[in-house]
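2 protein chains.
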Amino acid sequence: MSDSRPIALDAMGGDHAPHEIVAGAVHAVRERGLRVVLVGSPRVLYESLAELDATHEIPIVRAEEALAMDEGALASLRRPRSSIAIACHLLRRGDVSAVVSAGSTAGIVATGKLRLKTQQGVLRPAIAVALPTLPHPTLLLDAGANAEVKPEVLVQFGHLGAAYAELAYGIDAPRVGLLTIGSEAEKGSKVVRRAHELLEAAPGLHFVGNVEGYDLLTGKADVITTDGFTGNVALKTMEGAVRYAFDELRQTIGGSPLARLGAFMQRTRLRELSRRLDAEAHGGAVLLGLNGTVVIAHGSSKAKGISAACRLAADLATAGLVAGIGERVQRPHRSR
Amino acid sequence: MSDSRPIALDAMGGDHAPHEIVAGAVHAVRERGLRVVLVGSPRVLYESLAELDATHEIPIVRAEEALAMDEGALASLRRPRSSIAIACHLLRRGDVSAVVSAGSTAGIVATGKLRLKTQQGVLRPAIAVALPTLPHPTLLLDAGANAEVKPEVLVQFGHLGAAYAELAYGIDAPRVGLLTIGSEAEKGSKVVRRAHELLEAAPGLHFVGNVEGYDLLTGKADVITTDGFTGNVALKTMEGAVRYAFDELRQTIGGSPLARLGAFMQRTRLRELSRRLDAEAHGGAVLLGLNGTVVIAHGSSKAKGISAACRLAADLATAGLVAGIGERVQRPHRSR
Numbered sequence: 001m002s003d004s005r006p007i008a009l010d011a012m013g014g015d016h017a018p019h020e021i022v023a024g025a026v027h028a029v030r031e032r033g034l035r036v037v038l039v040g041s042p043r044v045l046y047e048s049l050a051e052l053d054a055t056h057e058i059p060i061v062r063a064e065e066a067l068a069m070d071e072g073a074l075a076s077l078r079r080p081r082s083s084i085a086i087a088c089h090l091l092r093r094g095d096v097s098a099v100v101s102a103g104s105t106a107g108i109v110a111t112g113k114l115r116l117k118t119q120q121g122v123l124r125p126a127i128a129v130a131l132p133t134l135p136h137p138t139l140l141l142d143a144g145a146n147a148e149v150k151p152e153v154l155v156q157f158g159h160l161g162a163a164y165a166e167l168a169y170g171i172d173a174p175r176v177g178l179l180t181i182g183s184e185a186e187k188g189s190k191v192v193r194r195a196h197e198l199l200e201a202a203p204g205l206h207f208v209g210n211v212e213g214y215d216l217l218t219g220k221a222d223v224i225t226t227d228g229f230t231g232n233v234a235l236k237t238m239e240g241a242v243r244y245a246f247d248e249l250r251q252t253i254g255g256s257p258l259a260r261l262g263a264f265m266q267r268t269r270l271r272e273l274s275r276r277l278d279a280e281a282h283g284g285a286v287l288l289g290l291n292g293t294v295v296i297a298h299g300s301s302k303a304k305g306i307s308a309a310c311r312l313a314a315d316l317a318t319a320g321l322v323a324g325i326g327e328r329v330q331r332p333h334r335s336r
Numbered sequence: 001m002s003d004s005r006p007i008a009l010d011a012m013g014g015d016h017a018p019h020e021i022v023a024g025a026v027h028a029v030r031e032r033g034l035r036v037v038l039v040g041s042p043r044v045l046y047e048s049l050a051e052l053d054a055t056h057e058i059p060i061v062r063a064e065e066a067l068a069m070d071e072g073a074l075a076s077l078r079r080p081r082s083s084i085a086i087a088c089h090l091l092r093r094g095d096v097s098a099v100v101s102a103g104s105t106a107g108i109v110a111t112g113k114l115r116l117k118t119q120q121g122v123l124r125p126a127i128a129v130a131l132p133t134l135p136h137p138t139l140l141l142d143a144g145a146n147a148e149v150k151p152e153v154l155v156q157f158g159h160l161g162a163a164y165a166e167l168a169y170g171i172d173a174p175r176v177g178l179l180t181i182g183s184e185a186e187k188g189s190k191v192v193r194r195a196h197e198l199l200e201a202a203p204g205l206h207f208v209g210n211v212e213g214y215d216l217l218t219g220k221a222d223v224i225t226t227d228g229f230t231g232n233v234a235l236k237t238m239e240g241a242v243r244y245a246f247d248e249l250r251q252t253i254g255g256s257p258l259a260r261l262g263a264f265m266q267r268t269r270l271r272e273l274s275r276r277l278d279a280e281a282h283g284g285a286v287l288l289g290l291n292g293t294v295v296i297a298h299g300s301s302k303a304k305g306i307s308a309a310c311r312l313a314a315d316l317a318t319a320g321l322v323a324g325i326g327e328r329v330q331r332p333h334r335s336r
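Heads up: the protein sequence lines correspond to chains C and A, in order.
Numbering of the first sequence is given in the working numbering, commencing with residue 1 and proceeding in unit increments.
Numbering of the second sequence is given in the working numbering, commencing with residue 1 and proceeding in unit increments.
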């Protein structure tokens, strides 16, 4: 059963806004059969749509302001009529099923909290990112919404992530790990050590113990809970390291004509791999814990990344992510 | 001018102790012209030396106890006669120029602090790790000695790392970056935001601002300061991600016989690359801020890793790392 309401797409957020965002909307509508509403400056968006011969396919909702990519949390207060604020407003009113934006993460988080409010029972919203493990992604959260959290919040992030993993990947009783610096319970900061105790005692949560940085890409846990500072550093370190390793290896192997030819013949598989490792292809990060589904696409997203983000947003809305989280956090003591 | 005293090598610490440690000592002596003293059980070590026909080349200092790899900080109190404790004792007495151990990091840190004491003026010792950037490594510290630190300590880690970078790589006024989650000064946790202010005002320190996880391998800073929790997670994330990317790429490319043949012909360059990325080849992490140079080799080190660690320890001792750090932390207000 699919949610038939459209996705509200913030057309003014992102390094390549608005043109690539509009192109992404067109792709989502034409190739994925989704319904999308563009939020932004009508004049600008109409032009972009006209270029793609799509003025009749995608409606525009007016928002004359926008948050710049370098604007943070405070800007969301200063600009109540920004494109992301209007998109959240549409979601709040029930006109759309979810919001997608490639704008400034801090701006999206602040605007989302302000306009949509935190879900009942949720202590702190968190950003969940899907890491490219197989057979299904590992969810890392928080990837940057909260630089500092209490132990209870780390436990709840486990629940938020578990709800996501259940609904998005159909995992029964997702394995939840705590990111820290050693496998023993007594390793880590005070907050993390206390969170370990609470996680061990948490009903309805399949806690598999501490995980380390090594384990982000090994699939040892389905959900990895951490504060937004550590999670953000780890995520960016991972992205940087993968890019580095690829560049180095490509340079080394690229030196041999024979290897180059071989790699050429493996193009499809190489492309598939880089697609799997590409954050964009996953559709982006999800802001969990608000009264509505908000997908944060990568700031550098082009049309296909935006389209994938719309797909993700639609799927999560259809799966009932907000309700699923509500059930988990309001009845944490149910037994499984 | 070289320090002619030998290196004390903890022969009982490490996943492959004692045999690979002894083999590493023999390599260091024969191939690198270093002087090494093995610390551990004489009976066991004599046998290992005999197998390598090296009983006359390397002296043994008796230590009948050892810390197990899974033993932490407390064990160092329980075992005052452990091999690492005796090695530190030799260093304290001035019989050796430095200590090398592949044993449990927590055990080495605790024993080192207890036996060698923290250097005058140093707030907290830190573990510095050399990341494989070019043209010279980037130093990341703290990589795990302190799960929680005050802002002042993050500033001092900058000084410890800068002293290391100056002496080991000959860098003048090393660029110091602060690891956090955004380039703006106001990003990060309370501790990190305060550290940013202090670093900006710190005399004698070339602070280049915030760096993010992406920057660990880009050479944007010569020294990256962070707490031991974040540093350890980032380091292990990096190692895991590099391994992952290599495995994935190898699998993808390995599928084509032509590519395999090409890679085969590039063997030397590939080997060189994996050597550069291999933590072992760098000789390991260095525990900075004690009254004596302590090198922590990777727990999984084999002979060549141990030999490289002995080389690093000897070089740092000769360069006068302890004195260099003392100068920096006791005269932080000198102008450069």
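In case anyone wonders, no lab produced these hints; they're calculated from the structure.
Just to be clear, a hint being listed does not mean it is correct.
Identical copies look the same in the list; a pair holds intra-copy or inter-copy alike.
Capping the alpha-carbon separation at 30 Å, the derived lysine-lysine pairs in DSSO-like fashion look like this [what the hints assert, rightly or not]:
no.	residue 1	residue 2
1	Lys-304	Lys-190
2	Lys-113	Lys-190
3	Lys-117	Lys-220
4	Lys-117	Lys-150
5	Lys-302	Lys-190
6	Lys-150	Lys-304
7	Lys-190	Lys-150
8	Lys-150	Lys-302
9	Lys-150	Lys-220
10	Lys-113	Lys-304
Small disclaimer: the values here were computed from a predicted structure and weren't measured.
Going down the list of hints, with the structure as the test:
no.	hint	in the structure
1	Lys-304 to Lys-190	neither (43 Å within a copy, 38 Å between copies)
2	Lys-113 to Lys-190	both (28 Å within a copy, 21 Å between copies)
3	Lys-117 to Lys-220	neither (33 Å within a copy, 39 Å between copies)
4	Lys-117 to Lys-150	within (20 Å within a copy, 34 Å between copies)
5	Lys-302 to Lys-190	neither (41 Å within a copy, 35 Å between copies)
6	Lys-150 to Lys-304	neither (37 Å within a copy, 44 Å between copies)
7	Lys-190 to Lys-150	both (10 Å within a copy, 14 Å between copies)
8	Lys-150 to Lys-302	neither (37 Å within a copy, 41 Å between copies)
9	Lys-150 to Lys-220	within (24 Å within a copy, 33 Å between copies)
10	Lys-113 to Lys-304	within (27 Å within a copy, 54 Å between copies)
In summary, the structure is inconsistent with hints 1, 3, 5, 6, 8 from the numbered list given earlier, while agreeing with the others.
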